Amino acid sequence: MTDSRKKLNMWLVLAFAILVLFLIFVVYPPALVLYKSVLMEDGTISFDYFVKFFSKKYYWSTLLNSFKVTIVSTLVSAILGLIMAFVLRSVKIRGSGMLNILIVISYLSPPFIGAYAWVTLLGRNGFITRILNAVFNTHLNGIYGFSGIVLAFSMQSFPLVYMYISGALKNMDNSLNEAAESLGCTVFQRVRKIIVPLVMPSLLASSLLVFMRVFSDFGTPMLIGEGYKTFPVLLYSEFMGEVNTDDHYAAALCVIVITITLVLFFLQKYIGNRLTYSMSALKPMEAKKVTGLRNILAHAFVYLVVTVAALPQLTVIVTSFLQTRGASYTGKITLENYRNILMPKNVSTITNTYLFGLSAILLVVVLGILISYLTVRKKSFLTAALDTLTMFPYIIPGSVLGISFLYAFNKKPLLLSGTAIIIIIALCIRRMPYTIRSSTAIIGQISQSVEEAAISLGSTERKTFLRITVPMMMSGVLSGAIMSWITLISELSSSIILYTSKTQTLTVAIYVEVIRSNFGNAAAYSAILTLTSILSLLLFFKLSGKNDISV
Amino acid sequence: MSVAIKIENVVKRFGKDTVINGLSLDIKPGEFFTLLGPSGCGKTTLLRMIIGFNSIDSGRILIDGKVVNDIPTNKRNMGMVFQNYAIFPHMSVKDNIAFGLKNRKVPKDEIEKRVDEILKIVKIDHLKNRMPQKLSGGQQQRIALARAIVIHPEVLLMDEPLSNLDAKLRVEMRNAIKQIQRQVGITTIYVTHDQEEALAVSDRIAVMNAGVIQQVDTPKNIYQRPANVFVSTFIGLSNILDGILESNDNGKASVRIGSYRFQMNNIIRDCAANCPVKVSVRPEEFIINRETQEGIPVTVKSSVFLGVDTHYFVETQEGQEIEVIQNSDLEELIPDGARIHLKVQTHKINVFNEDGSKSLIDREVRA
Chain A
169 MTDSRKKLNM WLVLAFAILV LFLIFVVYPP ALVLYKSVLM EDGTISFDYF
219 VKFFSKKYYW STLLNSFKVT IVSTLVSAIL GLIMAFVLRS VKIRGSGMLN
269 ILIVISYLSP PFIGAYAWVT LLGRNGFITR ILNAVFNTHL NGIYGFSGIV
319 LAFSMQSFPL VYMYISGALK NMDNSLNEAA ESLGCTVFQR VRKIIVPLVM
369 PSLLASSLLV FMRVFSDFGT PMLIGEGYKT FPVLLYSEFM GEVNTDDHYA
419 AALCVIVITI TLVLFFLQKY IGNRLTYSMS ALKPMEAKKV TGLRNILAHA
469 FVYLVVTVAA LPQLTVIVTS FLQTRGASYT GKITLENYRN ILMPKNVSTI
519 TNTYLFGLSA ILLVVVLGIL ISYLTVRKKS FLTAALDTLT MFPYIIPGSV
569 LGISFLYAFN KKPLLLSGTA IIIIIALCIR RMPYTIRSST AIIGQISQSV
619 EEAAISLGST ERKTFLRITV PMMMSGVLSG AIMSWITLIS ELSSSIILYT
669 SKTQTLTVAI YVEVIRSNFG NAAAYSAILT LTSILSLLLF FKLSGKNDIS
719 V
Chain B
94 MSVAIKIENV VKRFGKDTVI NGLSLDIKPG EFFTLLGPSG CGKTTLLRMI
144 IGFNSIDSGR ILIDGKVVND IPTNKRNMGM VFQNYAIFPH MSVKDNIAFG
194 LKNRKVPKDE IEKRVDEILK IVKIDHLKNR MPQKLSGGQQ QRIALARAIV
244 IHPEVLLMDE PLSNLDAKLR VEMRNAIKQI QRQVGITTIY VTHDQEEALA
294 VSDRIAVMNA GVIQQVDTPK NIYQRPANVF VSTFIGLSNI LDGILESNDN
344 GKASVRIGSY RFQMNNIIRD CAANCPVKVS VRPEEFIINR ETQEGIPVTV
394 KSSVFLGVDT HYFVETQEGQ EIEVIQNSDL EELIPDGARI HLKVQTHKIN
444 VFNEDGSKSL IDREVRA
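Protein chains in written order, with our numbering: chain A, 169 to 719; chain B, 94 to 460.
In short, the hints are calculated from the structure, not lab data. Treat the hints with care, since some could be wrong.
Using 27 Å as the maximum straight-line C-alpha spacing, the simulated DSSO-like pairs for lysine-lysine come out as follows [what the hints assert, rightly or not]:
(1) Lys201(B) to Lys187(B)
(2) Lys547(A) to Lys437(A)
(3) Lys220(A) to Lys437(A)
(4) Lys206(B) to Lys216(B)
(5) Lys198(B) to Lys216(B)
(6) Lys204(A) to Lys457(A)
(7) Lys441(B) to Lys313(B)
(8) Lys631(A) to Lys313(B)
(9) Lys187(B) to Lys168(B)
(10) Lys338(A) to Lys710(A)
(11) Lys451(B) to Lys99(B)
(12) Lys216(B) to Lys201(B)
(13) Lys670(A) to Lys579(A)
(14) Lys221(B) to Lys187(B)
(15) Lys187(B) to Lys159(B)
(16) Lys221(B) to Lys198(B)
(17) Lys201(B) to Lys547(A)
(18) Lys451(B) to Lys338(A)
(19) Lys187(B) to Lys631(A)
(20) Lys631(A) to Lys441(B)
(21) Lys710(A) to Lys227(B)
(22) Lys631(A) to Lys109(B)
(23) Lys198(B) to Lys631(A)
(24) Lys159(B) to Lys213(B)
(25) Lys227(B) to Lys206(B)
(26) Lys227(B) to Lys451(A)
(27) Lys436(B) to Lys631(A)
(28) Lys546(A) to Lys441(B)
(29) Lys345(B) to Lys213(B)
(30) Lys109(B) to Lys546(A)
(31) Lys168(B) to Lys547(A)
(32) Lys187(B) to Lys271(B)
(33) Lys631(A) to Lys168(B)
(34) Lys187(B) to Lys213(B)
(35) Lys397(A) to Lys224(A)
(36) Lys224(A) to Lys204(A)
(37) Lys236(A) to Lys397(A)
(38) Lys187(B) to Lys198(B)
(39) Lys361(A) to Lys456(A)
Please read these numbers as outputs of a predicted model, since none were measured by experiment.
With the hints as constraints, model all of the structure from the sequences given.
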């Protein structure tokens, strides 16, 4: 038994080491935030900061604003996503493959780019606004505040609902439809009684995801909100603002937002557990050719939505070739913007993005494989604790993560602030729950007897893991890694807090250039980011052999 | 070269459940030995204890006289064939088979030679460089078998290897397995819940139930002379009838089922007379009597004509249902509702004590 006990210890040590890492980087920073939020300057403990927040309208109204934009954006996304999925699954639409890719791309680009692109189009000085003002002789002041935020969020978020519902419809066997029809259901009864209940879990799950993303996003309201202040904007300005920053108050705000996301997380879990049907379609629904008015309407609707959704990407790419003077365009086509961002010897913004993204992916993939192996194959109290901890980052919004990292790692012995490492770790942690969930699913599909076969053939446990388990996981892990990569290079909310001039990434650069009204440079940076995302997505499709993604 | 396996009083617990409680077995060198039993009877647990995936909580397992309890699986030198084949999907057929040899640091040219040799034995030499994913279940099973025996294991273990194959392939593969085992002569332990499969391939069978060995014997004896009522009903079909052992004069006994009395000459001598017994009669061991009143009076409920045989489902006066199988002949089937009498072939039937735990048949006597 001695030999196998030694092997067990190897995994035990590994589990323990990972647990320690998690305690330092996942548990300690938020715990510190919690502590700071109730710690007064004189060293006493009280809830004064929370009282301060809820007693002044200037503060609590941001929370109200956040809920308003989030609820409206989520509703719009859910309705749009649902209809789009229905139409594209049931009606044959020309070019639906390309439309699918466009929808995925608009989901993958960071929401604040959408916000800034909408400002370019519909802002005070936007292309469309100017045309409208000239044609109708009006003085439209552009889309800012509530409506701007909702527009940017909805167009960026409905693809998530669309992908979920589309996936659910794909798994729904058409014989369910046929059975209902043979039992005397009309088309509308069928939709109401069969299809909607069956896609309900996906609709709710994706809506809650949208809700959480929108609620904690800070870039969009910052760029297009103007006077309309949401909670993340308040949090950012309390922490980073030029005047009156208050660490402890910011910590209290972090605690408030974590509480809200925590409630949402459990709500989602509860609903997810109660409302799942396992379906696998032998004969999926087929998109049918329709004729006449219905066909025209279906095409018009789908094309309109996709065009609006993809418009920001298009705007960014087009404007990256336009000459600018600050926030206005001269009308000349030029490569000046690219010259501006690429010609200085320092292109670290771009190299940083790739370097940080790749390092974080490498780290998160290795950790993801190890942790999921431990939690699936080496069940113990320790690995169960690890499993729970890995879901923790899921409820921590990016900006809160960034703030907590600065609190936790700004003095020795853990002086990391300002380094590339702190950004890489933050990116890694943000992606951890997703990676682990997918790796766990992949390992669950590998029969344990394959590993046992290797052992019975004289292979050691370590060799079995490296030569059998890991290679078998690889294709699934790789496609997951590409999706993570796309998500990470468009990450803003924690990088914006953690960056210094040496560790600036593309998203940070775009944000900074927009704030400085250097729209040309911002567009060029955005174009590079978008291009990278599109190429990565195409690589994903090629590797996974699918042309839709599951998130 | 073949080795014996000795299992002494092994115990396995999962949490509070004792799955196997003091089980012992002796398996002879080169034997094709089958563990047969219903699912959950502990046969796979025992197999996994032998290879080392399950620890042994108490007792010993000896291979060739050596205790293996503390030897880790990867040092035990046993080959195993899994229910789902467990083929490495990312390796070619050749690499799958060579995997164990590489772990044993066998020189490259010898690996090549041994792989080719085994591919011929299992008849898949034409698939050597293919990836396994596109291959059929039968082909994958041959790879699994080749992979397990190419390492020249002391023991070959097979865990329900045929249960994922379709019926026709199952028969083909079980003949192939039997033939290959003969050819290489490895002591083999085979786990199955399929009695027909067990009867077809095994030299000897251990019938297990609830972690306890019920009988270890040749397929023929297991079927014809089951050790208790469990074996007699688990292997094949048996009608269990209540009877009385009326007298026993040195093995010449008189047995009565209801009003039907018959003589037997193979009851164990020292068995007390005048006690209730269980009489186990297989459907084909009945003789239908339509002429006289001799036999168990029954009513025909329904019949099924299956070509070679005809099955009759009949009911006794007490309401017990009995299945009877007769060779089909040219006469009309007996109509439903007909009242007939059933006699038994006294030399074939089995008699057990009242609780069914012990056979009362003296196997030394030719009935």
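Going back to the hint list, which numbers does this structure go against? Hints 3, 6, 8, 15, 17, 18, 20, 22, 24, 27, 28, 29 contradicted; others consistent.
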